[in-house]
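Dock chain B against chain A, hints included.
In order, the protein sequence lines correspond to chains A and B.
Residues 1 to 361 in my numbering are what the first sequence spells out, letter by letter.
Residues 362 to 749 in my numbering are what the second sequence spells out, letter by letter.
Just so you know, these hints were derived from the structure itself, not from any lab.
Please note: incorrect hints may appear among the correct ones.
Selected chain B positions facing chain A (in silico; Cβ < 8 Å) [stated by the list, open to error]:
no., residue
1, Phe364
2, Phe366
3, Leu655
4, Arg658
5, Gly742
Values in this document were obtained by computation on a predicted structure and should not be read as measured data.
Note that beta-carbon positions come from the ideal geometry of N, C-alpha and C, so glycine has one too.
Residue-level listing of the chains:
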Amino acid sequence: MDLLLSGEQQMLVDTARSFVERSCPTGRVREIDRDPLGFDERLWRSMASLGWTGLTIPEPYGGGGRGVLEMTLLCEVLGRGPVPSPIIASAMLAALPIAAAGNADQRDRWLPLLASGEAIGTLALLELGGRDEWDAPRLAGGPVLRGTKMLVPWAGAASLLAVATDDGLLVVDARRGSVRAERHVDLGADPLFRLELTGACAERLDGSGEAHDSVIRRALDCAATVQLAYAVGSAERALELTLEHARHRQQFGRPVGSFQAVAHRCVDMRSDIDACRYLAYRAAWALDQDGSPDLEVAAAKAYGNEALRRIFVHAHQVHGAIGFSTEHDLHLFTRQAKQAELSYGSTTTELDRVAVAMGLG
Amino acid sequence: MDFSFTAGEEAFRAELRAFLDEALPLWWRGIFSGDERAIPLTRDICASLADRGWLTMAWPEEHGGSDAGVWKQTVLREEMWAHEEPRGPQYMNLNYIGPLIMRFGTASQQQRFLPPMAHGEVIWCQGFSEPDAGSDLASLRTRALREEGRFLVSGQKIWTSYADAPADWCLLLARTDPGAPKHRGISVLLVDMRSPGIVVRPIPTMAGPHELNEVFFDDVAVPLDCLLGNQDGGWEVVVTGLTFERAGIARYARAGRIIEMLVQWARQSGRAAEPLVRHGLAELRVRYEAARLLNYRALSLQAAGQVPTVEASIARIHNGQLEQLVSQVGLELLGPTAQLGAGDPLAPLDGAVRRHWERNIPTTVAAGTLEIQKNLVALHGLGLPRPT
Chain A
1 MDLLLSGEQQ MLVDTARSFV ERSCPTGRVR EIDRDPLGFD ERLWRSMASL GWTGLTIPEP
61 YGGGGRGVLE MTLLCEVLGR GPVPSPIIAS AMLAALPIAA AGNADQRDRW LPLLASGEAI
121 GTLALLELGG RDEWDAPRLA GGPVLRGTKM LVPWAGAASL LAVATDDGLL VVDARRGSVR
181 AERHVDLGAD PLFRLELTGA CAERLDGSGE AHDSVIRRAL DCAATVQLAY AVGSAERALE
241 LTLEHARHRQ QFGRPVGSFQ AVAHRCVDMR SDIDACRYLA YRAAWALDQD GSPDLEVAAA
301 KAYGNEALRR IFVHAHQVHG AIGFSTEHDL HLFTRQAKQA ELSYGSTTTE LDRVAVAMGL
361 G
Chain B
362 MDFSFTAGEE AFRAELRAFL DEALPLWWRG IFSGDERAIP LTRDICASLA DRGWLTMAWP
422 EEHGGSDAGV WKQTVLREEM WAHEEPRGPQ YMNLNYIGPL IMRFGTASQQ QRFLPPMAHG
482 EVIWCQGFSE PDAGSDLASL RTRALREEGR FLVSGQKIWT SYADAPADWC LLLARTDPGA
542 PKHRGISVLL VDMRSPGIVV RPIPTMAGPH ELNEVFFDDV AVPLDCLLGN QDGGWEVVVT
602 GLTFERAGIA RYARAGRIIE MLVQWARQSG RAAEPLVRHG LAELRVRYEA ARLLNYRALS
662 LQAAGQVPTV EASIARIHNG QLEQLVSQVG LELLGPTAQL GAGDPLAPLD GAVRRHWERN
722 IPTTVAAGTL EIQKNLVALH GLGLPRPT
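Next comes chain A alone, as it looks inside the complex (with noise of 0.2 Å):
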């Protein structure tokens, strides 16, 4: 039992640390929230140059092949941006099923391209109508698809999808056309698309339908850990934000932030994000275990919606009306938050799984 992080895990934070202040300000940040995608491809391009697009993909691809625990640390340093780049979807939601799915000349030809970043993956799974990631798709499986998908991370800039059918999980290539991704009005963190399919070519991944249940399931846990890991990153800015702003906005001839009720917020923001931290750590490390991770991602996103929700509440209300302004950088933050709160996993959902972790049935 140790919950330090090793020197070669430092040493990726350290590395992620210096990257997000030298090149990823909240004034680039703002800059490519205004592109109608969401991308900017000069930084997806330093990030695939320091390794970290391949980052938890094997080796012989080509990729890293660290873990989820990585990915997570990782992430929750981007979160700290917050980083704009669909690094989640490509390596959780795409190259993860490629890998654990794909036959030998699916992975030989796929995951390099997603190791290098030359290719983007994403993963279309939700439905019109559907109730949230784990209702079974109806769209019709086949070597042509035609159907529609919701809330698509980063379609516009993917070029490979990893489409859920009823057939199991399809690979289209979107740069042969008949695929069109509409963004919908998303919370401007994350991108999310409305993806008409159109006749587009697709090839299924080897296995039965029930193997890619599975491993839909475990790249939705990976993305949740990954995802609540940078929502944790942004939290702590969100900390740091309101700790300046508390230490000088001077109200009644102190600092608002010696006025016990405004600091004992700022110590619960500080108790939330460091268990949120750990709850996150723990779930990303069972993941790259054998064995069932259940109980650790599950208790990470049902504690992670709440505590995220809690944190945001009082930063906003440690900074007053400022933090309301888009002038001020809080909302970057809080954007981020509430997407990966809603995203992935409800808390009720989530609490159920642990429910039936504890031996409830």
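Showing chain B alone in chain A's frame:
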């Protein structure tokens, strides 16, 4: 980073559980239950633990320990706390009074006081709070006047745990220099509770008898060689002791045990499929996992040689709130009979959840109130200005 115990640590946990299953009789419900057999049982348990080398495991070998690692010690603390602390009053010796004597005591004090602790033969209490000195502990007024080769102690302590066990010795905070600024005039004295001039008056509480007491000191003579650390240098000793104490109590482990009991209850009573039951218990389990990890974080820092005061406070904040939440959810789920206490045939889980509620009413007040802990984190962890 690693989130697992070693096979050896898991095997030790199993061994401990087997020992406790055998050693603890069915009537054992912690030492505050009013059962006159309880405190004598804790003496027997401590002696048995000492025989097995489990009592002061994490102490250095030179003082009667086996230099066991932080994590093996954690396993022991968790199992003890989960079983309502069968080491009784002596757990304080092991957790922090002994370690304070190791850190601040003279060689002769160590030789005198540590072996009885290591053998499980002595009960200590701590004389800290006073009627007018609670959160503002440094304003304490119990006076230790130095004259004619001894200290003369007069004053009053309150909320003194275990004084009527009866305690053999007292770790006492007293003012030796009334002229100095309040934090700088305090000394720590080791006081023989059989000294003339000491009167102990038990305070009945909602948790039952034998926990809290008033202790009156009327010109009690304390030899000079019972001064721990420097005269007027007691505050540093106190702060160190409080950090040891916060890191050393595995409060979350009792909450964890109650959660397990509630899960079994839900299954046996056929209510495990009800959404409110499932979500109530799942929420508790999630909070338990969060608290446990934050305790482990503080311990990881300690294992790396640091003194994690802020992290220990954050863990303490989570612990206290978890314990109270477990009571709240447990009592609600168990229904109307939840209000019945141990001994009533209809009390669910033998009244364990009601007992847990009673015991934990002061959890967010004792050993540093929740508000004081938050002030500590604000000041030392977040760099916020002193609160007003």
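Going down the list of hints, with the structure as the test:
{"no.": "1", "hint": "Phe364", "in the structure": "5 Å, holds"}
{"no.": "2", "hint": "Phe366", "in the structure": "6 Å, holds"}
{"no.": "3", "hint": "Leu655", "in the structure": "6 Å, holds"}
{"no.": "4", "hint": "Arg658", "in the structure": "5 Å, holds"}
{"no.": "5", "hint": "Gly742", "in the structure": "6 Å, holds"}
When the structure is compared with the earlier hints, no violation turns up for any of them.
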